[in-house]
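Visitor: Residue numbers (the working numbering), protein chains in the order written: chain A, 1 to 116; chain B, 1001 to 1802.
Derived from the structure by calculation, the hints contain no laboratory data.
Don't be surprised by glycine CBs; every beta carbon is placed ideally from N, CA and C.
A portion of the hints provided could be inaccurate.
Covered by chain B, per the in silico footprint, the following chain A stretches (three or more residues, Cβ under 8 angstroms) [said to hold, decoys possible]:
#	segment
1	4-10
2	40-53
3	61-72
4	85-98
Given next are the chains, with one letter for each unit.
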Amino acid sequence: MKRILIHSILSISLAFLFQLFTPWWGVVIATAIISFIIRLKGISVFFTPLFSIGLLWGIQAYSISNANDFILAEKIAVLLPLNGSVGALILVTGLVGGIFGALGSITGRSLKVLVS
Amino acid sequence: MKLIKFIISAALTILLVYAADRGSGTLPPIGHFMSPQTGFWQNDHSESPETELNLSGLQSEVTVHYDSELIPHIFAQNDSDLYYAQGYITAKHRLWQMEFQTYAAAGRLSEIIGKKAIEYDRGQRRKGMVFGAQNAINEMLKDPILTKRLNAYSDGVNAYIESLDSEEYPVEYKLLGYAPEKWKPEKSALLLMYMTDMLAGRDEDLENTNFLSLFGRETFDLLFPDFIADQDPVIPRERDWTDFGAVERPESPEGVFKAIVQTTDVLDKPDPDNGSNNWAVNAEHSENGNPLLANDPHLGLNLPSIWYVMQLSAPDHNVMGATLPGALGVIIGFNDRIAWGVTNATRDVKDWYRIEFEDETKKRYRYGKGWRDIREVIETIKVKGGQAVLDTVRYTHYGPITYDETFKGNGRENLAMKWIGHLPNSNQNTFLSLNRAKNYEEYVKAVSTYTAPAQNFIFASKDNDIALWIQGKIANKFNEQGKFVLDGSNPYNEWQSFIPQEHNPHVRNPERGFVSSANQHPTDENYPYYVYDPTYETYRNRVINDFFRSKKTFSVQDFKDLHNNNYNLKAAEVLPTFLSMIASEVNSNTEGYFTTLSSWDYYNHTDAIGASVFEALWNEYYTMVWDELTESDLALQLPDSYQTIWLTKYHSNHEFFDLQSSSETEDAAAIARLAFNEAAKKLDAFKKSGKSLGWASYKGTQVGHLLQALPAFSRFEIPIGGNKSIVNATSKTHGPSWRMIVELDSETKALGVYPGGQSGNPGSRYYDSMIDTWAAGDYYELLYLPNSQAISGITSTTQLKP
């Protein structure tokens, strides 16, 4: 459990840092690196970054949009279409980030297994 | 096994990242788009202008004040800096729109939205949109001052584009997955072509020719007359034209000059309701003793709005008003001496010539006794996610062959377009000169070189001059020249000359004390040149002119009331006839509607149910009357409302009233009864959907985003009255796109509002912030600052530093 927590904190930090100067897929590299360093077992290789990166994207999305009364978020939630629900839009955002985080994590982990 | 696992996970990851970075087909690049760091979330903010920006392209410092509606007030110390700043600031708030409109003009939408735009793009190329823009820019670049200004504007736009990281791109770029390209002066010319096409791109020559071949001359003249009895022309009838002396006008040729061509498929046309109102009174007719001027151009209601309001000030002038993102200066506005406005002065400025080729190679075409060479242009239409499409467009000396065996028309014949929009021009200069004009003489000089789209340029000055020039470059035609398809091999069918500019109809300080225009006929029958257009408006002008004849003096409040006037003259002229036709056969299903209609006062106010019932009845009636035309295989235009009503009243047994689909013989009254029953059913169904039958609800006015009215970025169910043919010309998707009232007091005062907002960003509170004010019939007091030091009413300031 402790390992999962450390993995989460490190991937959120590294992903946050990477995003400042990489394209959006910096998060994939971040989780790959963390999973290369920190060994997670079984399905947690997938689910830990799913939640941690999901959380990162969700919080970032919420805080940007909250400052503007969710004006655009409400419109994009019509466009996608999510029935205008900003909550659902943030959830989907987190899910997209999370899935790519998870993909990075699996790749990092499998590389580690390969080289060790 | 370990290796396989790694390869699979790595490959899957890379593949998905790639897909989510690029997008495919209609899917946005989902990873890029959803990322809080790069995607749409970055656009979820409203403008908070910087206090300082360094722009190396400037010569001196420029001050940009913003007011509470995000209207920029730009103070520059020289001309170049002024237009540089205009370009920069406009791009900052409207970049995606200004670029998109030039893509649309140039027939490049397939590059952005894929193969569904190919036919549209082909049409734009075949209309010669780029050809026209090129001719214009070549002409403009002959003028060193204008060249400098165009380049400055372009540099300003590019300075903004270059300052952007991709996460800062407007949200539409992210949605469609592309990036802004460099701006060039040619794009300003393309934007002006876009307007020319919108306002002077309509003709009905092919449809007229079809109608003539189907129904004959007599019926054509009955349904499509050049003049109507109730006309109240732009230039008052009092004007007699004898001072022109004997004018030179080409003789109508003997015998057949027309080409009989039947066509089934024609290009989409600009909205026939593209038009406007303007009016002005002089000091003697103004309650405050100051000349007053108003204008409201009627265009498609879109977001981002077609207009962008700005104040532009340099040492030699200080102008404010509505600009067109992509074009320089103010298009409709005022300065400290004058105010001006425009309405469309439609005229048949687009003609079609049938071209006869020498042989199948299509290299030469017959002209007079010989042959002329074709210029071939191969158009390359790039398509997002697909192969580029090549299209060969052949140019004659008239213009491009738009219709041929590969494109619309009748799949056989070659029809070349002659269009005023293709001629070299410096129309941009007209507006820049108006921005600086101080009196009547400078106004006349400014408009005199203007070619297209022809406009009713209304004018008022602090010298107490009011005036209106109907200005455009108009061919001096023989009778009915270009009303039908012409034979391109006969040189006599050419536009032989143009009406001398000083003979364009105009009026200065008329005795009646007001000038006005609303897209109606420019003159009465005595004007000595041939005047034709199929879309002259017949209602708004009479309501406006009647109002100005109704009393001696007028106030700003009167001007507001007239902008918002919902009187439906069309209904007033036909409804009593309808009611007497229907009365005998009202049944229990229609009784309620009949009572509503009988007690309606002809005002299309927001809550008027009578207006909804009338509209439903009229639409059914109009469709049933002209069933012969809509059901024809040939492309045809329907007669307008005015002529339909005229026929109803005075020829109620005309064979057009007979329904094709029934075995009986109907007259107008029978059709009115059928239409009323049908309308009642439609109204019942609408009511069942749970909506109110009040007019605003029934009409459902909307302001749609430029990308095919993308619902998420559009506004619906806007509570506003009016309709087409009403002075408040707001229909479902079309209406007053800018309302301006100017009072030429010692300090110029002005009101303005438009159905949109200053920001092009759907994530900004300024995206649609003026819509509610507009719908309510209210205005903003435009903050016309005398100089950069005046800061009352300013909410923020950006210093642009070299």
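Visitor: Using C-beta distances, would you say chain B covers the segment 4-10 of chain A, given that this needs three or more residues below 8 angstroms?
Guide: violated (count 0)
Visitor: State whether the coverage of the segment 85-98 of chain A by chain B holds or is violated, taking the criterion as 3 or more residues with Cβ-Cβ distances under 8 angstroms.
Guide: holds (count 4)
Visitor: Examine the segment 40-53 of chain A: at least three residues should have C-beta closer than 8 angstroms to a C-beta of chain B.
Guide: Contact hint for the segment 40-53 of chain A vs chain B: violated, 0 residues under 8 angstroms.
Visitor: If you count the residues of the segment 61-72 of chain A with a beta-carbon closer than 8 angstroms to a beta-carbon of chain B, do you get 3 or more?
Guide: holds (count 9)
The structure fails to meet hints 1 and 2 from the earlier list, while all remaining hints are met.
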